[in-house]
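Student: Sequence:
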Amino acid sequence: VVLFGANDAVLPLPTSCQHVPIEDYKDNLTRIITHPHIKQHNAKILLVVPPPVDEIKLAKIDVANGHASTQRTSATSAAYSEKAREVARENPGVVLIDLWKAIMDKAIDMTPQDYKPGGPWLGSPGNGRQGGLDSLLPDGLHMSGDAYRVLYDEIESHIGEEWRGLSEQDEYAGYVFPGWKVLNRVVGS
Numbered sequence: 457v458v459l460f461g462a463n464d465a466v467l468p469l470p471t472s473c474q475h476v477p478i479e480d481y482k483d484n485l486t487r488i489i490t491h492p493h494i495k496q497h498n499a500k501i502l503l504v505v506p507p508p509v510d511e512i513k514l515a516k517i518d519v520a521n522g523h524a525s526t527q528r529t530s531a532t533s534a535a536y537s538e539k540a541r542e543v544a545r546e547n548p549g550v551v552l553i554d555l556w557k558a559i560m561d562k563a564i565d566m567t568p569q570d571y572k573p574g575g576p577w578l579g580s581p582g583n584g585r586q587g588g589l590d591s592l593l594p595d596g597l598h599m600s601g602d603a604y605r606v607l608y609d610e611i612e613s614h615i616g617e618e619w620r621g622l623s624e625q626d627e628y629a630g631y632v633f634p635g636w637k638v639l640n641r642v643v644g645s
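Quick note: the sequence shown uses our numbering, first residue 457, plus one each step.
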């Protein structure tokens with residue numbers, strides 16, 4: 457599971473040090489998922505698009521913390537999310553987990569009256585409403601338990617597929633270290 461971008465998408469301001477230019481972000485993701493050590497293991501790669509931000513909440517927090525304005529915007533977050541989608545499209549076999557869309561869809565489902573299809577996103581100044589993002593991203597950036605449930609629901613069906621239907625003996629094929637069942641037998645002996 458590869459999930460980067462929420463911090464990389466901070467605006468390049470003198471008061472922030474986490475910014476990664478968007479093309480460097482894309483290159484970094486590509487280098488991670490195509491690294492020879494990863495390819496060697498033929499790993500199933502789940503590339504998770506970074507979640508949206510609640511710019512309305514972030515602006516209040518950032519200004520209260522002494523910044524002249526918000527350090528993250530909805531539009532910038534969306535642009536970094538699109539770069540992650542591009543990386544998935546350009547790398548066959550990579551599974552895209554669109555967390556940005558899943559969280560935004562959940563936020564809209566929670567407060568449908570706050571969003572008009574095709575209009576500005578929830579949490580953006582153009583919309584003026586936070587909707588369900590208020591509870592899914594309590595500080596405007598980090599996910600709540602409910603948002604992590606959305607992430608879990610998105611990735612759960614992709615984890616462990618390669619082991620379904622294997623016998624118990626086959627279950628351990630490819631492990632370098634013993635599974636917990638085997639380890640417990642040794643420790644308990």
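If you are wondering where the hints come from, they were derived from the structure by calculation, not from laboratory data.
Computed from a predicted model, the values in this text were never measured in an experiment.
All C-beta atoms in this analysis are idealised placements derived from N, C-alpha and C, irrespective of residue type, glycine included.
Do not rely on the hints blindly, as some may be mistaken.
Below, in silico cross-link-like pairs of lysine-lysine (DSS-like), each with a Cα-Cα straight-line distance of 25 Å or less [stated by the list, open to error]:
1) Lys562 x Lys495
2) Lys513 x Lys500
3) Lys482 x Lys539
Distance windows between CB atoms, simulated [claimed, not checked]:
4) Thr471 x Gly616: 21 to 29 Å
5) Glu546 x Tyr608: 20 to 28 Å
6) Ser600 x Gln496: 13 to 21 Å
Student: Next step is simple, just say for each hint if it's right about the structure.
Tutor: Hint by hint, here is what the structure shows:
1. Only pairs whose Cα atoms come within 25 Å are accepted, and Lys562 paired with Lys495 is rejected, the gap being roughly 34 Å.
2. Annotation: proposed proximity of Lys513 to Lys500 is violated, straight-line Cα distance about 36 Å (limit 25 Å).
3. A distance of roughly 6 Å separates the Cα atoms of Lys482 and Lys539; the hinted pair therefore holds under the 25 Å criterion.
4. Take Thr471 and Gly616: their Cβ atoms lie about 43 Å apart, and the range 21 to 29 Å is violated.
5. Checked against the hint of 20 to 28 Å, the pair Glu546 and Tyr608 passes, with Cβ atoms roughly 27 Å apart.
6. Take Ser600 and Gln496: their Cβ atoms lie about 37 Å apart, and the range 13 to 21 Å is violated.
Going through the hint list in order, the structure does not satisfy hints 1, 2, 4 and 6.
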